[in-house]
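Quick note: the sequence shown uses numbering that gives the first Met the number 0, first residue 0, plus one each step.
Just to be clear, a hint being listed does not mean it is correct.
Stated by the list, open to error - Quick list of simulated restraints, FRET-style, between CB atoms:
{"id": "1", "residue 1": "Leu62", "residue 2": "Asn271", "range": "26 to 34 angstroms"}
{"id": "2", "residue 1": "Trp197", "residue 2": "Tyr5", "range": "40 to 48 angstroms"}
{"id": "3", "residue 1": "Tyr58", "residue 2": "Asn271", "range": "48 to 56 angstroms"}
Keep in mind that the hints were calculated from the coordinates and are not lab data. Remember, it's a predicted structure, so these values are computed and weren't measured experimentally. Note that beta-carbon positions come from the ideal geometry of N, C-alpha and C, so glycine has one too.
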Amino acid sequence: MKEIFYFLVDLVECTIKGYLLYQMVSIAGRVQKDPAFVEKRKKYLLIFQYVLCHMLVSYIPGLKALIYGGNTYLVSSKQTIAVLLLSLICSILSGCYYGSHRKNLAFYLVFTYYTIGELVRFVLYVPGNFLIQSALRLIGASVENGDVLDMERNIKFIMELEVVWNILFTVVYVLAVCWLCQKFMKSFFFEGEKISLWEFLFLMLSSAIGFCFCIFLRSILFTYREQEYIYLLDENPELQLLAPFMALLGIASIFTSIYLWNRLRREQEEKNALFLYEERLLEMEEHVQELERLYEGMRGMKHDMKNYVADIEALLGSDKKLSGDTKEALQNYLNGLCNSLEELDITYKTGNPVTDTVVNRYLRKAEKLGAVVKCDFLYPAALEIDGFDLSILLNNGLENAAEALEKCQEKPLYLEISSFAKGNMFFLEIKNSFSGTLAYDRERNIFHTTKQEKSYHGYGLKNMQKAVEKYYGKIEYRVEERFFVLTAMLQGKAK
């Protein structure tokens with residue numbers, strides 16, 4: 000009966016801890032391409048492997064003897080290390096399978112979960128062991144003094160005390176782990192971006208130190224020698240304070256590293272936002288300057304129009320029959336006038352003054368480079384997409400396209416910008432000539448740069464990414480033969 004009771008207690012404990020493990024790893028996000036039933040299967044696999052691993056080792060004699068080195072019972076605390084590492088490896092493999100698109104983050108979450116569980120165990124084990132040992136000494140003293148006459152009742156009382164102690168320790172331990180894991184999950188600031196290698200190593204440091212401390216305690220905690228168990232805590236009483244204190248420091252260091260990491264990420268987000276706002280201000284300034292140039296040109300043309308007309312009349316009236324030289328002079332004069340007017344004209348009209356300025360600036364630059372230019376871009380006024388958000392995409396996309404045209408050796412050069420709307424979805428595509436290769440960093444989600452100012456590389460793409468994420472969209476890049484194609488999809492609000 001007692002064995003069945005302990006089996007059920009262990010099963011409930013492992014199930015709860017397996018579910019906590021799943022919650023921790025779910026921070027890494029789900030593989031969006033997988034169907035829902037596959038995601039559900041991954042979830043249950045993560046929980047099932049945790050329960051199965053612990054229950055098999057605890058209740059299968061052959062497996063127990065294999066892991067414990069031929070013994071079916073513990074003769075040294077270091078034997079438990081193999082069980083712990085086996086469970087950890089299985090959970091890491093399952094966790095990385097569940098969070099397959101963020102394996103490093105899944106690895107860290109599983110490892111940290113085990114570290115928190117081990118540190119909590121030693122925080123509670125030392126004072127708990129002190130209490131149970133004190134109770135047993137009191138019972139032993141009562142027997143020696145003859146206060147307990149019924150030996151069988153005394154043995155029964157010790158057995159009941161053992162059951163109560165195991166249940167109480169398990170309940171407190173599980174509640175403490177649940178509380179800390181919930182705190183951890185609330186503290187972990189993660190918005191879907193992949194963590195870099197240095198961030199991973201920074202986070203892993205505190206967890207690795209805490210885990211190694213727990214392995215060290217497990218290796219020396221107790222041993223069976225000369226027909227009795229020898230406990231490290233009994234031989235070294237000072238460890239009864241030092242061990243739980245060190246375990247608490249380990250837990251604190253994990254949460255401190257999370258706090259510092261979150262703070263660094265938020266500061267980086269604020270820096271990126273500031274960079275984005277500065278870029279918007281520059282775009283507004285360029286827009287204002289472009290308008291001022293147009294208005295100044297228009298005022299100049301209006302002021303000089305009378306002189307232009309008088310000059311033309313003079314040329315026409317100088318000779319009743321225009322000579323060849325007069326005709327050529329008049330033609331050159333009119334050509335110059337037309338060129339001046341073209342400089343003031345907005346060639347590519349997109350339906351929005353902001354996007355007009357951006358598109359015309361870069362397409363004129365491409366034309367001066369000798370590129371064949373095609374523009375089928377129209378501002379989606381009906382979808383309530385901010386013109387400045389679109390200008391971020393256009394500015395960065397067209398700037399990169401212009402740079403690619405300058406470096407492109409193959410002729411003819413080509414630049415095309417197009418867009419179309421379908422329902423409440425808006426699609427933008429920029430296609431330009433391209434020669435060379437691109438190295439894509441999947442971890443940081445950026446392309447490697449050839450620019451001199453490498454410290455600022457990636458902000459343009461990040462700002463474009465943030466602009467499309469604001470509208471629940473995405474950006475894709477691809478190379479088609481000698482063309483580089485950027486495609487952006489945004490979800491607007493149809494009126």
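So, going through the hints one by one against the coordinates:
| no. | hint | result |
| --- | --- | --- |
| 1 | Leu62 <-> Asn271: 26 to 34 angstroms | violated, 52 angstroms |
| 2 | Trp197 <-> Tyr5: 40 to 48 angstroms | holds, 45 angstroms |
| 3 | Tyr58 <-> Asn271: 48 to 56 angstroms | holds, 53 angstroms |
In this structure, the one hint that does not hold is number 1.
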